[in-house]
Amino acid sequence: MSQPEVLNQAFELGYTYTRSTGPVIGRFLTELRNRNIVGIKASDGRVVVPPMEYDPNTAEELSEFVDVGQQGEIVSFAWVKEPREAHPMDVPFAWAMIKLDGADVPMIHCVAAPSEDAIATGARVQVVWADETIGYITDIRCFELV
Amino acid sequence: MKEIAIVGFQQSNSVSDAGAVNEVEMIMPVLSRIFQQVGINNAQDVGFVCSGSCDYLQGAAFAFVAGVDALGAVPPIKESHVEMDAAWALYESILKIRMGHADSALIYGFGKSSPGELPIVMSQQLDPYYLAPLWVDSISLAALQARLMLDQGLITERDMAEVVSQSRRNAMNNPHAQLAGDVAPDDVLAQEMYLSPLRKADICPVSDGASAMIIATVEKAKEWGLPYAIISGIDHCIETHNLGMRDLTDSVSTRTAAKRAGMGAGPVEVAELYAPFSHQEIILSRALGLGDETLINPSGGVLAGNLMMASGLSRIGEVFNRIVSGEVQRGIAHATSGPCLQHNLVTVLEKA
Chain A
0 MSQPEVLNQA FELGYTYTRS TGPVIGRFLT ELRNRNIVGI KASDGRVVVP PMEYDPNTAE
60 ELSEFVDVGQ QGEIVSFAWV KEPREAHPMD VPFAWAMIKL DGADVPMIHC VAAPSEDAIA
120 TGARVQVVWA DETIGYITDI RCFELV
Chain B
0 MKEIAIVGFQ QSNSVSDAGA VNEVEMIMPV LSRIFQQVGI NNAQDVGFVC SGSCDYLQGA
60 AFAFVAGVDA LGAVPPIKES HVEMDAAWAL YESILKIRMG HADSALIYGF GKSSPGELPI
120 VMSQQLDPYY LAPLWVDSIS LAALQARLML DQGLITERDM AEVVSQSRRN AMNNPHAQLA
180 GDVAPDDVLA QEMYLSPLRK ADICPVSDGA SAMIIATVEK AKEWGLPYAI ISGIDHCIET
240 HNLGMRDLTD SVSTRTAAKR AGMGAGPVEV AELYAPFSHQ EIILSRALGL GDETLINPSG
300 GVLAGNLMMA SGLSRIGEVF NRIVSGEVQR GIAHATSGPC LQHNLVTVLE KA
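Chains as they are written, first to last, in numbering that gives the first Met the number 0: chain A, 0 to 145; chain B, 0 to 351.
Since the hints were derived computationally from the structure, they do not count as laboratory data.
All values derive from a computational prediction rather than experimental measurement.
Hints may contain errors.
With a Cα cut of at most 30 Å, we get these calculated DSS-like pairs of lysine-lysine [what the hints assert, rightly or not]:
hint, chain 1, residue 1, chain 2, residue 2
1, A, 80, A, 98
2, A, 80, B, 199
3, B, 258, B, 95
4, B, 1, B, 77
5, B, 199, B, 95
6, B, 199, A, 98
If we strip away everything but chain B, and leave its shape as in the complex, we get (with noise of 0.2 Å):
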């Protein structure tokens, strides 16, 4: 099987409102940004290109075909969506170039989530018969899985507000993020509760942005004379929708595609964690196993900035990163989709 590489990946800054800067407008610097990271031109110098965005944050049905006005798309070129983050995205390019389709593709996903209220456009994601009729929004639901496990003596909500600090401090350190600051557990423990048991830190803010990634088989990559980080395993597995048939106090199905993935073949010297609220990086982090030696979310994760259907292949480019600088050598990816951790991927990356 070929071997595939990240070569390239460029994110916008996480920002609280866009403004009048639309979807094209969000996704076009970020692509020109890596381009040039690449060498490239534009979409015609690679062999495929897959976009993740949602419809119902623009309200409009096929509104991601608008973000293609962003790649220049004449003549022709092989392209394809998911509507979904744009992790999937990339799952999707990789098979596309296992199956020997393409040698090369441009992943993108884009969000513009300021403009409706993201909570509640979320619950639409739902049980069409039995929750989507409710109403019932996506922070509601975290905070029913949060109180499982404060209830069930799992987390503290000092362990929630730990998480938090380390997010803000970490992403001092993320020239892109939203919220960061020397923010000490102490302070967020001080904040009234928002949604009890959730207080508004333990959320991750609502933002707006666009990321993209270029991946290449190893031999296209050397061709290009880049730097570039293996894709040595990807896999990704979903719960049921019925909520009350999970255990929310854990995630089976990250572990299962960890596992997959190949997560066990060697350390796990950093992990970006897509856990959109703070007891969810406790979950997925003991869901994995992870210890001491892997330092969780150094960008500060999404809490510091959530793009949505970006945010996931933004992890996978944040461990990239971290691989060619040469600061580690190995290193997973998660990103989720669904109510409280219902969809869950992993990629697992290794120094060439």
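Isolated chain A, as found in the complex (with noise of 0.2 Å):
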């Protein structure tokens, strides 16, 4: 007895859509790429980084986007000695909640460090950025003590 036909369709899987990051987050990412990095006025006037899209206490949708600086300050850190696998570095290194220069809010992103003893609160850090940019948050690919 032959063998039946094996019947064979090509399935690729993907998505039949694209994603728009709108006016504000695409605005950001599309400004990382370009190796900048802005916030947004709240209603308070205050310069929030990474920007948001509406006011958390007003609701208001914001839109006034400033130019911040590409160094800060740590407001805290996380001293991680042990990496996780998908963590984006394999070394020890540290979450912080960082500052920029012209910013009200701090942002979360990872810093580079020798040892814990090497960071501290109040610490200044500047930005290293990916060889890379392609528009995303990790752009930046860390901080690092300057």
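Two independent chains are provided; combine them into the complex using the hints.
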């Protein structure tokens, strides 16, 4: 008996739509691609980085972008002595809340440091850009101590 | 408005690894016990069923539907689900009863967290553009919060160790606890840092298990002839997802929820607080203004065992147990969700 013909159909798993990050998050990510960081002014005038679409207290739609610095200050940090596989670094590092120069609200990212003793609340840090920037939050590879 | 009462509560043991036992097999013994406690046959005998669970724990879309297999939903039942802790399933059930669509409800929550890497799974509940792609885990975020408090002199490491010690000691009286023992604060402080400024003991364990509750109108509770506790208030409140815009050293949303739930209308003899990290118990008790007159986490709290999606419901069940046993007349239970106590629910329970 001959082998029955096997029916074949190519199948590509994919999304049938594209997703826009919108005018606020999209602007921030596009600026990252250009190695620039922008924040947005909240209802009370505080500069929020990364920018939010709406003010969490007043629900006002926000639109006034502000360039902020690529250096800032550590507001709080957590020392990861055993990085997890998913973490952005494979050697001990810190997660930190970083208030960039010109911003009023800290952002969370990772900080490269040789040891826990080298890092402290109040320490100055600066952005380390990824080799290739593509408009993701990971365009900021990490921060490093100044 | 119809008064609503809790008539039954059951919980599984908190275990670090349930092994081959699947979610349905974790839920079924708890349901079997609660049907026996209330004296009903099955889910057909209540007017509404609502569960709380998280598909991310199982890593499959609509995984919660399988939980219904534990109910035997034939003939059809009125059923709902929240992708939240089952404390919020209780909230939905209360609304259902208040709307007059049911006079009793079964609520259950379950979570088998052991197969995955829970702190990393939790990173995917964060802002999808700014935080989730960094895979910043739940323990690291809590560590950032703890350091803010330590730096500002709001707490000391010893304060945190005392919370752990009290939890371990209280848990010695909790047969369902995963971590219990006569642990002194100095024993905790002697531990090395795990994710500085947190020690492993400051962090709730990863646990598998389930819990279930049955509520009813007071008329129905009387008809069943069961001891019950009144839910005199329940409310919840959420803060922004932007951690940088929150005061992480306080819990404004817990305070608001407690006020709206009517906590201040009487003494708080017992409080069960959902604090997955030692410093968070201090944040919560301060936000609620709890003092020496309140017994906090007599069960040991979730530092003694943290059933994701069920422990919030269990906090309420623990207070219910203490009221129907006659130990206390009035107490509050708190449930939380999201990073660093983002979303909080407060329930006020009173003796009938």
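Hint by hint, which ones does the structure fall short of?
5
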